[in-house]
Amino acid sequence: MQRKLISGIVGILIALLIGALIMLFQGYNPLQTYAALFNFSLFGLYPLATTLRNSVPLILTGLSASVAFASGPINLGQPGQLLMGALFATVGGLYLDLPAFLLIPVLILLSMLGGALWSGIAALLRKWFNMDEFITTLMLNMIADFFTYWAISYPFFDRNAYSPMTPQINTKAWLPIWGEFNSNVIVMILAFVVIYFVFNRLTAGYEWRITGQNSLFSRLGGVKIDKNYVTVMLVTGALAGLAGGLVVMAGPHRFLKGLGANYAWDGVMIAVVANNGLIGTLLYGLFFSALQTGSLGMELITAVPKEFIQVIQAITVLVIVAGRGYLDIFLDKTLARRKARERTT
Amino acid sequence: MQVLIEMKDIIKVFPPNVVAVDQVSTDFRKGEIHAIVGENGAGKSTLMKVLYGLEQFNHGDILFQGQPVRFQDPGEAIAHGIGMVHQEILLIPQYTVWENIVLGAEPVNFLGVIDRQQARKLVQQKVDEFQFNLKIDDKVDDISVAAAQKVEILKLLYRNVSVLILDEPTAVLTPQEIPQLFNELRRLRDHGHTILFISHHLEEVLALSDRITVMRKGKKIATVQSSETTKENLAQMMVGRTVLFQSLREKSIPGAETFVVKDLTYIDGTLHKRLEQINFRICEGEIVGIAGVEGNGQFELVNSIMGLNKITQGQIKVTGIDITQAEILDRRRFISFVSQNRGKMGAAVHASILENVMMTHHRLNPHFTKWNGLLLNDNYARQFTHQIEEQFSVVMDRMDNPFRSLSGGNQQKVILGRELLLDTPFVLLDQPTRGLDVGSIEYVHELILKMKEQKRAILLISADLEELFRIADRILVLHRGMIVADLPTEKTDIEQVGYLMLEGKENDAKETN
Amino acid sequence: MNIITGLINGMISGATPILLAALGGTFTFYAGIFNIAMEGMMLGGAFFAVLGSYYFDSWLIGIICAILGSLLMAAIFIFFAVTLKTDEFVTGIALNLFALGATTYMLRQIFNVKGAFSNPGIVPIPRIHIPFVSQIPIVGEILSGQNLIVYITVLIVMISAFLIFRTRFGLRLRAAGYNAPSLDSSGVSSAKIRTWSLIICGILCGLAGAFLSLGYVTLFSENMSAGRGWISLAAVILVNGNPWGIALISLLFGFTDGLGLLLQQYMPSQFTSMVPYVATLIALYFYSIQARKRKT
Chain L
1 MQRKLISGIV
11 GILIALLIGA
21 LIMLFQGYNP
31 LQTYAALFNF
41 SLFGLYPLAT
51 TLRNSVPLIL
61 TGLSASVAFA
71 SGPINLGQPG
81 QLLMGALFAT
91 VGGLYLDLPA
101 FLLIPVLILL
111 SMLGGALWSG
121 IAALLRKWFN
131 MDEFITTLML
141 NMIADFFTYW
151 AISYPFFDRN
161 AYSPMTPQIN
171 TKAWLPIWGE
181 FNSNVIVMIL
191 AFVVIYFVFN
201 RLTAGYEWRI
211 TGQNSLFSRL
221 GGVKIDKNYV
231 TVMLVTGALA
241 GLAGGLVVMA
251 GPHRFLKGLG
261 ANYAWDGVMI
271 AVVANNGLIG
281 TLLYGLFFSA
291 LQTGSLGMEL
301 ITAVPKEFIQ
311 VIQAITVLVI
321 VAGRGYLDIF
331 LDKTLARRKA
341 RERTT
Chain E
1001 MQVLIEMKDI
1011 IKVFPPNVVA
1021 VDQVSTDFRK
1031 GEIHAIVGEN
1041 GAGKSTLMKV
1051 LYGLEQFNHG
1061 DILFQGQPVR
1071 FQDPGEAIAH
1081 GIGMVHQEIL
1091 LIPQYTVWEN
1101 IVLGAEPVNF
1111 LGVIDRQQAR
1121 KLVQQKVDEF
1131 QFNLKIDDKV
1141 DDISVAAAQK
1151 VEILKLLYRN
1161 VSVLILDEPT
1171 AVLTPQEIPQ
1181 LFNELRRLRD
1191 HGHTILFISH
1201 HLEEVLALSD
1211 RITVMRKGKK
1221 IATVQSSETT
1231 KENLAQMMVG
1241 RTVLFQSLRE
1251 KSIPGAETFV
1261 VKDLTYIDGT
1271 LHKRLEQINF
1281 RICEGEIVGI
1291 AGVEGNGQFE
1301 LVNSIMGLNK
1311 ITQGQIKVTG
1321 IDITQAEILD
1331 RRRFISFVSQ
1341 NRGKMGAAVH
1351 ASILENVMMT
1361 HHRLNPHFTK
1371 WNGLLLNDNY
1381 ARQFTHQIEE
1391 QFSVVMDRMD
1401 NPFRSLSGGN
1411 QQKVILGREL
1421 LLDTPFVLLD
1431 QPTRGLDVGS
1441 IEYVHELILK
1451 MKEQKRAILL
1461 ISADLEELFR
1471 IADRILVLHR
1481 GMIVADLPTE
1491 KTDIEQVGYL
1501 MLEGKENDAK
1511 ETN
Chain B
2001 MNIITGLING
2011 MISGATPILL
2021 AALGGTFTFY
2031 AGIFNIAMEG
2041 MMLGGAFFAV
2051 LGSYYFDSWL
2061 IGIICAILGS
2071 LLMAAIFIFF
2081 AVTLKTDEFV
2091 TGIALNLFAL
2101 GATTYMLRQI
2111 FNVKGAFSNP
2121 GIVPIPRIHI
2131 PFVSQIPIVG
2141 EILSGQNLIV
2151 YITVLIVMIS
2161 AFLIFRTRFG
2171 LRLRAAGYNA
2181 PSLDSSGVSS
2191 AKIRTWSLII
2201 CGILCGLAGA
2211 FLSLGYVTLF
2221 SENMSAGRGW
2231 ISLAAVILVN
2241 GNPWGIALIS
2251 LLFGFTDGLG
2261 LLLQQYMPSQ
2271 FTSMVPYVAT
2281 LIALYFYSIQ
2291 ARKRKT
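Top to bottom, those sequences are chains L, E and B.
Going by the numbering used here, the first sequence opens with residue 1, and the numbers climb by one from there.
Going by the numbering used here, the second sequence opens with residue 1001, and the numbers climb by one from there.
Going by the numbering used here, the third sequence opens with residue 2001, and the numbers climb by one from there.
Fair warning: there could be bad hints in the mix.
Residues from chain L that face chain E, not an exhaustive set, calculated with beta carbons under 7 Å [said to hold, decoys possible]: (1) Pro-47; (2) Ala-49; (3) Tyr-206; (4) Leu-220; (5) Phe-330; (6) Lys-333.
The calculated lysine to aspartate or glutamate pairs, modelled on EDC-like cross-linking and capped at a C-alpha distance of 16 Å, are [stated by the list, open to error]: (7) Lys-1273/E x Glu-1284/E; (8) Lys-2085/B x Glu-299/L; (9) Lys-306/L x Glu-2222/B; (10) Lys-2114/B x Glu-299/L; (11) Lys-1217/E x Asp-1022/E; (12) Lys-1317/E x Asp-1263/E; (13) Lys-224/L x Glu-1327/E; (14) Lys-339/L x Asp-1022/E; (15) Lys-339/L x Asp-1009/E; (16) Lys-224/L x Asp-1330/E; (17) Lys-1450/E x Glu-1327/E; (18) Lys-1262/E x Asp-1022/E; (19) Lys-333/L x Asp-1330/E.
Just the calculated beta-carbon pair ranges, DEER-fashion [to be verified]: (20) Val-1239/E x Arg-338/L: 54 to 60 Å; (21) Gln-1118/E x Val-2113/B: 17 to 23 Å; (22) Gln-1118/E x Ser-2269/B: 24 to 30 Å; (23) Ile-2003/B x Pro-176/L: 55 to 61 Å; (24) Gly-277/L x Thr-2083/B: 22 to 28 Å; (25) Glu-1184/E x Arg-338/L: 52 to 58 Å; (26) Asp-1423/E x Thr-2083/B: 49 to 55 Å.
Think of the hints as simulated: they come from the structure by calculation, not from any bench.
No residue lacks a Cβ here, since even glycine has one placed at the ideal position from N, Cα and C.
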């Protein structure tokens, strides 16, 4: 645990350093830039609240990817599942009229259903026809992208709007905001606790984990891996769908074109840096959210465009992933060399 | 004789801290057959890999014809005329014999196009020169293991190596194929080649080699002339104490019929008949061994019993209950299973020891869960792991450490412990001692005999005939997916079983003699 | 007649980038690398193609820049997956992210635009009109007047098949994928062969990118590879890496691309845009059915 924390922090620092070098090379002031970046994301109540709010879809799609990868299925379909979840919640929010304390949970469930439906298609394609989920989920992403685009352009189009979007959903379905804090964070934390408990304490979670490590061993041990595969796909799809639903219910309260574009690969990215660990996913999700949230302020204060954050993110991923593998080999080799020297003296 | 290679004070440490070769000095002479013997894990293979440039050594010197050398990769070693045949066959099954032989030293036309005619001609010349019985256009996938080994040797001869390193070449051969290999090796020696030969079979070593280097736990114990030593002497140097080569079999009266396989036939996806009309029964308190050259249906038999294959025909029963169509979990109520491949089938090596111990028990033993099987009972699992640690004298640090942090012997003890405590009437053991050192092998054999005392029915699949003769009550010989013999152990011998493994029938010639 | 030649020409230009990337992928496929970075390499290539073409007023320099840009991506892949031995899948994911982030950033930084950069100053890769052939009715419209890259691609298909199955390099390349320890033990470094396969993949994905931004259209837009790298990966898997098979399957995908455009008259464009992805799923379905038949 400690080693992971240290390698994570070192990795982030190295990535920021490389980022600083790129900025220096382009004639920007890195200190000023980073100061602006973190001023607008961490320091102060409003920045912090915004970072937290923005972290919700990142962490939920990250959890979706982490749980999937750690259990075996290579579910790369978070973007599509997120979109379908958002669409389901939006449609529910447009046509249902219930008191808030009922409507919000119903829409949350609807969004999870939407995501699970989309990942369920991939799961069934695998179960029935043995089609690799890592390609089918990717193709389903593109299809979901166009499908939701169509849905907000024609059947659920807001006639008063100039670009494709739906009307606003029932105000009773808007997630409550307390001061600066949006309650979508509460839902996310709840989801995290549940999935953490399922994954680490339940018999099912144990089977998922071991299957992810060695499916043949699990199968021989009596684990019903086919059934678990479908369950994991549905659960991870529901997590990504939930992310989509919360995006709609916490933010614009409608489905806008390009809603999911920002989170396209973020979930997979976070799972990859966190090495599929759930707590790691939470922490890296917060970190990437801080970067993304602060980027607007950074662009405002300094001349560095906010897209620079994407470069920093990718460098962070590369540095941490490579460092994780290499650090172990390097340490082991040093130990071996020392041992050999001991033998001769 | 002239010294060709000299190794001085070689140390090789595998990261992080496993000393595989510990200050070993030895020399190899031109034109000798030099055996390197030792138990599994004694460092013999590592020493040879260091020489061949596959592993880098941490300390010491290697002199080749008096010149210091340090090969960075096998390519450099081959360029100096040193070649190695590995324990496992390292050929490309999709390629033909000649393609495998020329790979890495292909004759080419302009533009790097392979000159097939020239290549086939050169290979055929070598085949003829050394009188190897090989068809150069056969696909390696279709030839026997013995033939593949010849291809490996020829691959080196094609590169004109003068030093041949062979890592346990007899491990994959049947008793009948071994003398042929030895004749070929002697012929090569007489051509002036130097042969370094790794083995732990002392009879073979004494029969073949001129000199013998004995290793134990990474250290060299001695180098001796084979004419001046005995099997007992070598064994003592190898193990560090006197070893008794004796059978552990005890007369026993088998009880009721426990495990029955009836008319089992399995046809795989490529429509090959992998198992044909397999019939056998095992009684309680009986150990039945299955002998056979690898790839004659053992794998399919194990998979059929465990439920990984859907069998085409037949029936499997345990204690009278038909499990032919049962799900794996239901089979596990009756079957304990130890596989030959710990990392692939026996454990999740990156998961903790605790998590590995829980497998299968978590579904079959209600103590392992709470809330109707929904929630894991961590306390009980820990207690249970402790029990295994004590009962099977496992050396472990913490049970939350990854499984792979255990040594091979201890890994096998944990697996055996987990499976035996399932308390099933039938135990399936697929090469349970593969890759273990002598001490651990003895322990495993004792455990198997203890299970026998507990009146369990045991099926032991093994590639090691000595093992079968040591503990099995009956030996079945599997040949091309059929059981060709069912022999009480006391009424047969290694030669007979070896012949059956190879030919699938009795040696008529021998009987008429 | 116009519809048919239009459809065929649409098929050819739709197939070209997928085919090029898939041919790159087939080299790494044979070398035994799980390479999912074609998407990122192609995207990098597309960006640098526009960069080179715009600043040097030359499509040739555009192509060269595309190859260099894509090779840079390949170099990162080599450094991580071959040298540091990082997991190939994870490296591929990270590289795709890096390509997306870096091109988006540079689009903003260098061209000062968001979303897309199009400018009359970008010199497209020319179409080649073959004398006499272009006179032949119908056939001439197809065989002649294609983009230069299209003709190069046809050549590369043949060269790839030749390299992989006839030459020393090919024998070693396939050996690296079938059984790397065997190749190493034969005195040929499998790491070196893998490195070369990635370099070739980089070059071909660079060409694919150049075709996207200087041939298919003349502009660069954010994430313009739009999943084509993934489709090309599917193509490689579907035919087990055979270059001729890849050519065929890429044409099929190209056809669905063109078909989508044709169908736009009858249904919303969102559905016609889905066609290539649905086609990939259908192709995978048939592949899986076949694979299962072979197995059971």
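Verification of the hints:
1. A cut of 7 Å between beta carbons decides the hint on Pro-47/L: the least distance to chain E is about 39 Å, and the hint is violated.
2. At about 36 Å, the closest approach between the beta carbon of Ala-49/L and any beta carbon in chain E exceeds 7 Å, and the interface hint on this residue is violated.
3. Restraint check, Tyr-206/L versus chain E: the minimum CB separation of about 6 Å is within 7 Å; hint holds.
4. Because the beta carbon of Leu-220/L sits about 6 Å from the nearest beta carbon in chain E, less than 7 Å, this interface hint is met.
5. With a cut of 7 Å, the hint placing Phe-330/L at the interface with chain E is violated, because the nearest CB-to-CB distance is about 9 Å.
6. Given the 7 Å rule on beta carbons, the hint for Lys-333/L holds: about 5 Å separates it from the nearest Cβ of chain E.
7. Between Lys-1273/E and Glu-1284/E, the direct Cα distance comes to roughly 30 Å. Violation of the 16 Å bound is thereby established for this hinted pair.
8. Taking the CA atoms of Lys-2085/B and Glu-299/L, the gap is near 37 Å; set against the 16 Å cutoff, the hint is violated.
9. Only pairs whose Cα atoms come within 16 Å are accepted, and Lys-306/L paired with Glu-2222/B is accepted, the gap being roughly 14 Å.
10. Taken as a hint, the Lys-2114/B and Glu-299/L pair is honoured in the structure, with Cα atoms around 14 Å apart against an allowance of 16 Å.
11. As the CA atoms of Lys-1217/E and Asp-1022/E are separated by approximately 8 Å, the hinted pair is consistent with the 16 Å bound.
12. A hinted pair counts as satisfied when its Cα atoms are at most 16 Å apart, and Lys-1317/E with Asp-1263/E qualifies at roughly 12 Å.
13. The straight-line distance between the Cα atoms of Lys-224/L and Glu-1327/E is roughly 9 Å, inside the 16 Å bound, and the hint therefore holds.
14. Proposed proximity of Lys-339/L and Asp-1022/E is supported: the alpha carbons are some 11 Å apart, at most 16 Å.
15. Proposed proximity of Lys-339/L and Asp-1009/E is supported: the alpha carbons are some 15 Å apart, at most 16 Å.
16. The straight-line distance between the Cα atoms of Lys-224/L and Asp-1330/E is roughly 11 Å, inside the 16 Å bound, and the hint therefore holds.
17. Distance hint between Lys-1450/E and Glu-1327/E is unfulfilled; the C-alpha atoms sit about 29 Å from each other, more than 16 Å.
18. Between Lys-1262/E and Asp-1022/E the alpha-carbon distance is near 53 Å, which puts this suggested pair outside the 16 Å criterion.
19. Restraint check for Lys-333/L and Asp-1330/E: the C-alpha separation of about 46 Å exceeds 16 Å, so the hint is violated.
20. A beta carbon spacing of about 31 Å between Val-1239/E and Arg-338/L contradicts the range 54 to 60 Å that was offered as a hint.
21. Separated by about 59 Å at the C-beta atoms, Gln-1118/E and Val-2113/B break the suggested range of 17 to 23 Å.
22. For the hinted restraint 24 to 30 Å between Gln-1118/E and Ser-2269/B, the CB-CB distance of approximately 59 Å leaves it violated.
23. Roughly 57 Å separates the CB atoms of Ile-2003/B and Pro-176/L, a value that falls within the hinted 55 to 61 Å.
24. Checked against the given bound of 22 to 28 Å, the beta carbons of Gly-277/L and Thr-2083/B, roughly 26 Å apart, stay inside it.
25. The hint said 52 to 58 Å for the Cβ distance between Glu-1184/E and Arg-338/L, and at roughly 45 Å that hint is violated.
26. The hinted range of 49 to 55 Å is satisfied by Asp-1423/E and Thr-2083/B, whose Cβ atoms lie roughly 51 Å apart.
The structure shown violates the earlier hints numbered 1, 2, 5, 7, 8, 17, 18, 19, 20, 21, 22, 25.
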